[in-house]
Amino acid sequence: MSKLPNLTGGMEETEMIHQLQAGDELAFRKLVEDYQLRVFHICMELLHVREDAEDIAQEVFVEIYHSIGRFRGASRLSTWIYRIAVNKSLNHIRRKKWHRWLQPIENLTGRREAEPVAPENTLPEREIEERQQLAQLWHALDSLPENQRKAFILSRMEDFSYREIAAIMETTLPGVESLLQRARVNLQKKLWAVYKKELPRTKV
Amino acid sequence: MKCKQCHKELLPWLEGSLSREETAAVEGHLAACSVCRGYAEYLRASLALAAAEKEVAPDPWFYARVIARLEKESTPVTPKAEGRGILQPVFFSLLLVMGILLGIHLGSLPYINRHDFPYSGQVIPQLNEMDTEPLEIFLMQ
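Read top to bottom, the protein sequences are chains A and B. The working numbering puts the first residue of the first sequence at 1, with every later residue one more than the last. The working numbering puts the first residue of the second sequence at 1, with every later residue one more than the last.
Be aware that one or more of the hints could be misleading.
In silico lysine to any residue, SDA-like type, Cα no more than 25 Å apart, as pairs [said to hold, decoys possible]: (1) B/Lys4 x A/Asn186; (2) B/Lys4 x B/Ser34; (3) B/Lys72 x A/Val49; (4) A/Lys97 x B/Leu94; (5) B/Lys8 x A/Glu177; (6) B/Lys2 x A/Ala193; (7) A/Lys97 x A/Val62; (8) B/Lys2 x B/Val35; (9) A/Lys189 x A/Gln133; (10) A/Lys189 x B/Val35; (11) A/Lys97 x B/Leu95; (12) A/Lys190 x A/Asp159; (13) A/Lys190 x B/Lys72; (14) A/Lys197 x B/Leu14; (15) B/Lys4 x B/Ser17.
Here's a subset of chain B near chain A, in silico, CB distances under 8 Å, partners left out [stated by the list, open to error]: (16) Pro12; (17) Ala50; (18) Phe62.
I should point out that these hints are in silico values taken from the structure, not numbers from a laboratory. Cβ coordinates follow ideal geometry from the N, Cα and C atoms, glycine included.
Chain A with its partners taken away, still in its complex shape (with noise of 0.2 Å):
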């Protein structure tokens, strides 16, 4: 099942959909080349974390291929990849804060060791800020509602248009736009909460 030659060629979306349903090994090489960097960045900007998302893009592909047999066109062949994406993603948050809850237990029992904190202390300062900067914004990002997070993200990070995230999230259009507008006003909020405590450091 590995060891197998490169594909050349486009494929229509129905002619592939048939082939993997038909269990077409090439079919299905050819879709996770062509999916695979889409769907690890989506689950990378949900996770944040490289080996998490690429876990969970594996995973989305190993779903992709058992479920192909139920798909029946009701939407486009990438929106479904999309939301598999997605879910997949937000269940694992989901998961990981459950961990998080039950780790001082697991800790306790010997299960599992606490994870090991990267030694900041050893990289440029520059890039420290950057680092800092960044999970300010995932942090902020990450506490706006779980709605509005999906649509700010398959929105701004990952240049999906209004139809195609409507598609994918399974909403209208003005719910797209309405969910968008909200998510700017309270990520902008948070935001600035997070700047102003900043903003005497900077000014002297």
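Starting from the known structure of chain A, fit chain B onto it as the hints suggest.
Quick look at chain B alone, frame taken from chain A:
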């Protein structure tokens, strides 16, 4: 334009989705207000850093890893590994129930002990005047 209004417009301004008049109003305010200008720069830099994350590519062996996962899934799962996921919540639930039962037991202890106090049977009758009074009254009579 006030600072608060300007902050609301900053993200759409950075996205380039404001009308010409709105853009002019925001830029006019930014030219006059150093705090808002600094904040706008902070937002722009944060979003640029996030956009730079998109340049990170997945593992070059991504397809091979997906296939390896599919192959691993097709191998039968050992009962030990399968049961581990269930055992942990069961263990913690049992621990919780035991804790509640212990609490109930400890809570009921002082009530039982009150009756077993060693001096209660000896001291209280001597101090109880109601028990001796009938004899005194008898002698006086």
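Results of checking the hints against the structure:
1. Of the supplied pair hints, the one linking B/Lys4 and A/Asn186 holds, its CA atoms being roughly 13 Å apart against a limit of 25 Å.
2. As the CA atoms of B/Lys4 and B/Ser34 are separated by approximately 14 Å, the hinted pair is consistent with the 25 Å bound.
3. Between the alpha carbons of B/Lys72 and A/Val49 the distance comes to roughly 24 Å, so the proposed pair stays at or under 25 Å and holds.
4. At most 25 Å may separate the alpha-carbon atoms for a hinted pair to count; A/Lys97 and B/Leu94 meet this at roughly 22 Å.
5. Among the hinted pairs, B/Lys8 with A/Glu177 is consistent with the structure: their alpha-carbon atoms are about 16 Å apart, no more than 25 Å.
6. Of the pairs offered as hints, the one joining B/Lys2 and A/Ala193 holds, with about 17 Å between alpha carbons and a cut-off of 25 Å not exceeded.
7. A distance of roughly 24 Å separates the Cα atoms of A/Lys97 and A/Val62; the hinted pair therefore holds under the 25 Å criterion.
8. A hinted pair counts as satisfied when its Cα atoms are at most 25 Å apart, and B/Lys2 with B/Val35 qualifies at roughly 12 Å.
9. Only pairs whose Cα atoms come within 25 Å are accepted, and A/Lys189 paired with A/Gln133 is accepted, the gap being roughly 16 Å.
10. The straight-line distance between the Cα atoms of A/Lys189 and B/Val35 is roughly 15 Å, inside the 25 Å bound, and the hint therefore holds.
11. Pair hint A/Lys97 plus B/Leu95 holds up; C-alpha atoms about 21 Å apart against a cutoff of 25 Å.
12. Note on A/Lys190 and A/Asp159: the hinted pairing holds, with a Cα-Cα distance of about 22 Å set against a maximum of 25 Å.
13. Simply put, A/Lys190 and B/Lys72 have alpha-carbon atoms about 44 Å apart, too far for the 25 Å limit, and the pair is violated.
14. Simply put, A/Lys197 and B/Leu14 have alpha-carbon atoms about 22 Å apart, close enough for the 25 Å limit, and the pair holds.
15. The hinted pair formed by B/Lys4 and B/Ser17 meets the criterion: a straight-line CA distance of about 19 Å does not exceed 25 Å.
16. With a cut of 8 Å, the hint placing B/Pro12 at the interface with chain A holds, because the nearest CB-to-CB distance is about 7 Å.
17. A least Cβ separation of about 6 Å between B/Ala50 and chain A falls short of the 8 Å threshold, and the interface hint therefore holds.
18. Checking B/Phe62 against chain A by beta carbon gives a least distance of about 5 Å; that is within 8 Å, so the hint holds.
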